[in-house]
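Peer 1: Sequence:
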Amino acid sequence: MKTLKKLIFADIVLSIIFAALCFPLQADISAVAFPIAILAVVLVYIAGAYMLIKKNSIKHITFIRKVFEYETVLTLLSFIFARAGKTEHPYVFDLISILLWIAITVVSGIIVYYYLNPKRIFTFNPSWEEESKMYPQKSYKGIAYLAVQIVEWVDAIVYCLFAVFILNIFIFQLYVIPSESMVPTFLIKDRVFVFKTVAGPRFPLSKVGLPYINRYKRGNVIVLRNPHYKSDHSSEVKKIISDYVSMITLNHVILDRDENGEQKADPLVKRIVGLPGEQILMQDGKFYVRTKADGPNGQFAPCPDDEKWAMWDLNSLGSATKNKVRDFPLSAEDWTDVLNTEKERRALDLAKAADECKLLALNFERYARGGDAEEAELESMFSQEDLFEYNFFSNISMNAIKLLQENGGAQWFARFMTGWTNYSQYLSNGLVGGDLYSDANFRLNVMIKLECGKIITRIANLVADGVSASEWSSDEAIAKYMANAQKLNSYLARLDQRNMPAFPANTSDGSPSYIPENCYFMMGDNRYNSLDMRHSYDYKLIPITKFDELSITYYSNMEPQFVNRSKILGRASLRIWPLNRFGLIK
227 MKTLKKLIFA
237 DIVLSIIFAA
247 LCFPLQADIS
257 AVAFPIAILA
267 VVLVYIAGAY
277 MLIKKNSIKH
287 ITFIRKVFEY
297 ETVLTLLSFI
307 FARAGKTEHP
317 YVFDLISILL
327 WIAITVVSGI
337 IVYYYLNPKR
347 IFTFNPSWEE
357 ESKMYPQKSY
367 KGIAYLAVQI
377 VEWVDAIVYC
387 LFAVFILNIF
397 IFQLYVIPSE
407 SMVPTFLIKD
417 RVFVFKTVAG
427 PRFPLSKVGL
437 PYINRYKRGN
447 VIVLRNPHYK
457 SDHSSEVKKI
467 ISDYVSMITL
477 NHVILDRDEN
487 GEQKADPLVK
497 RIVGLPGEQI
507 LMQDGKFYVR
517 TKADGPNGQF
527 APCPDDEKWA
537 MWDLNSLGSA
547 TKNKVRDFPL
557 SAEDWTDVLN
567 TEKERRALDL
577 AKAADECKLL
587 ALNFERYARG
597 GDAEEAELES
607 MFSQEDLFEY
617 NFFSNISMNA
627 IKLLQENGGA
637 QWFARFMTGW
647 TNYSQYLSNG
657 LVGGDLYSDA
667 NFRLNVMIKL
677 ECGKIITRIA
687 NLVADGVSAS
697 EWSSDEAIAK
707 YMANAQKLNS
717 YLARLDQRNM
727 PAFPANTSDG
737 SPSYIPENCY
747 FMMGDNRYNS
757 LDMRHSYDYK
767 LIPITKFDEL
777 SITYYSNMEP
787 QFVNRSKILG
797 RASLRIWPLN
807 RFGLIK
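Mind the numbering: the sequence shown is residues 227 to 812 in our numbering, read in order.
For the record, the hints were derived by calculation from the structure and aren't laboratory data.
Backbone N, C-alpha and C fix where the C-beta goes; we use that ideal spot for every residue, glycine too.
There could be a bad hint or two in this list.
[Claimed, not checked] Taking CB as the label site, the calculated pair distances span:
1. Leu653 with Gly692: 24 to 30 Å
2. Ser461 with Ser609: 33 to 39 Å
3. Tyr763 with Ile480: 49 to 55 Å
4. Asn589 with Leu653: 25 to 31 Å
5. Gly692 with Gly597: 20 to 26 Å
6. Ala519 with Arg417: 56 to 62 Å
7. Ser737 with Ala257: 36 to 42 Å
8. Asn523 with Ala690: 17 to 23 Å
9. Lys228 with Ile480: 47 to 53 Å
10. Val318 with Asn744: 21 to 27 Å
11. Asp764 with Asn790: 42 to 48 Å
12. Leu387 with Ser739: 43 to 49 Å
13. Ser650 with Glu697: 39 to 45 Å
14. Leu543 with Ser650: 41 to 47 Å
[As the list claims (entries may be wrong)] Capping the alpha-carbon separation at 20 Å, the derived lysine to any residue pairs in SDA-like fashion look like this:
15. Lys534 with Lys548
16. Lys231 with Tyr276
17. Lys415 with Lys512
18. Lys628 with Asp531
19. Lys345 with Thr229
20. Lys706 with Ala579
21. Lys465 with Lys490
22. Lys680 with Ala579
23. Lys569 with Gln712
24. Lys772 with Ser606
25. Lys292 with Tyr276
26. Lys456 with Asp416
27. Lys512 with Ala690
28. Lys490 with Lys793
29. Lys550 with Ser405
30. Lys456 with Lys228
31. Lys812 with Asp553
32. Lys518 with Lys490
33. Lys518 with Ser283
34. Lys464 with Leu543
35. Lys465 with Val390
36. Lys443 with Lys680
37. Lys534 with Val515
38. Lys443 with Ser799
39. Lys415 with Arg552
40. Lys550 with Leu413
Please build the complete structure, drawing on both the sequences and the hints.
Peer 2: Here it is in structure tokens:
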């Protein structure tokens, strides 16, 4: 009994100190924390110091047990509210509060589950056994029975939710897959358990948590906070509230939404493909790596592991999985066009292409009617938006007429077609720009220009022959060139899904940069349908290549970023639904 008294007084003292640390510094939501903490102190005092010790009575033993059980809930709730306001607490302050909460949890747990255990309680104070006979357990009927049952169910649900909340933070959490970015590993509405303990989970709205234990490997499927969204204090508060509401409604109510009212893609389920100390690159669907250990002259080498999980052609899936996929970014014919376009680009002879472009420029000059133009006029003749590949081909007839009739048209066309031909100055390791991605984009730009040049020159020829504009679309040569242009347009529209420049980007002097320690790079397995660490949520118009002043442009959202391990919530360890695909995640 003496030990129980000491524990109760220790619990009261700890609760008072904890409440003092919850005293509000601003008149905002954090002010709610203090009265909740004080309520916990008052209840513990009444149940422990007054009823158990002073009155030496267990008449209200059920109430007493519930007070000590819910003390943990109330103190954690006050901890969260204290940090939901505008005041940011120092790490040490949070650490002290958390240590107090842990001590309160341990002490109250010992009191409830050891000293107040129904099987053991009378051994500590024999007089309580005599008292218990005076107050036998009541039996209820009718409305009273229903009310008691409702209270007991509410009590069980609330405490269960609290337990699940703690488990979700520190042990494991269930996630529902919202998209097809990880097909075929995951399908929409798959349910996945994520083990979180080794990922250094933190207490809500604080930087205090368990230590990092796990060191991730390439191929690990992980759940991470979406780094594309703000992670300021206000956003974190909204996220905590949304997660809790989502949990208690079994994912039916989602409060965390973006400015358009859409559910935020947070957290994300992705696969780790890039590791600390690596520079990575992706070209034609192949993933390349070079490491810091290779030195500044190290070369990119294919990563064969990536082929085990990277999915490009969904049409190749087995029928059982294929029938469950909703979105096919590419048809079987589109996929064939992708491979053929890349094959043609790799085989492109730049020297012959340069000669062909020069010849097209000379041929067009024979038909042009305008005179020379000043430099300023040439620079303003076509904007970046005009050179957007889709726009340029869509308006190809008007562009051709403009170049034929306006002053400077032939000059501009010559620059457009031949400005890239002095490419040898950019060659390094036999590649334009020194790497596969830069070289490939340079060649793609040339391929598009060749089709532009052929169409414009052919239109000029038809105009000279007196063929009306209404007949141009039926011209076999133009139809052939436009068909090739359409394939190039389709490839360019998905360029940022298929390829990725060297990342992290080289320094200004050309030296390679590497993913920092404790940081990782993630992608979705379904590469054509994954908005991941390769991409931004915003698009901008940029040249296909920086090695051509009049490069064709396209809209890109390529903005790769690595992610610190602090954003990783844990590894996706087990798929529990659907049952026919139940199992560990490889």
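Peer 1: Broken hints, numbered, in rising order?
Peer 2: 1, 3, 6, 7, 8, 11, 17, 18, 26, 27, 30, 31, 32, 33, 34, 36
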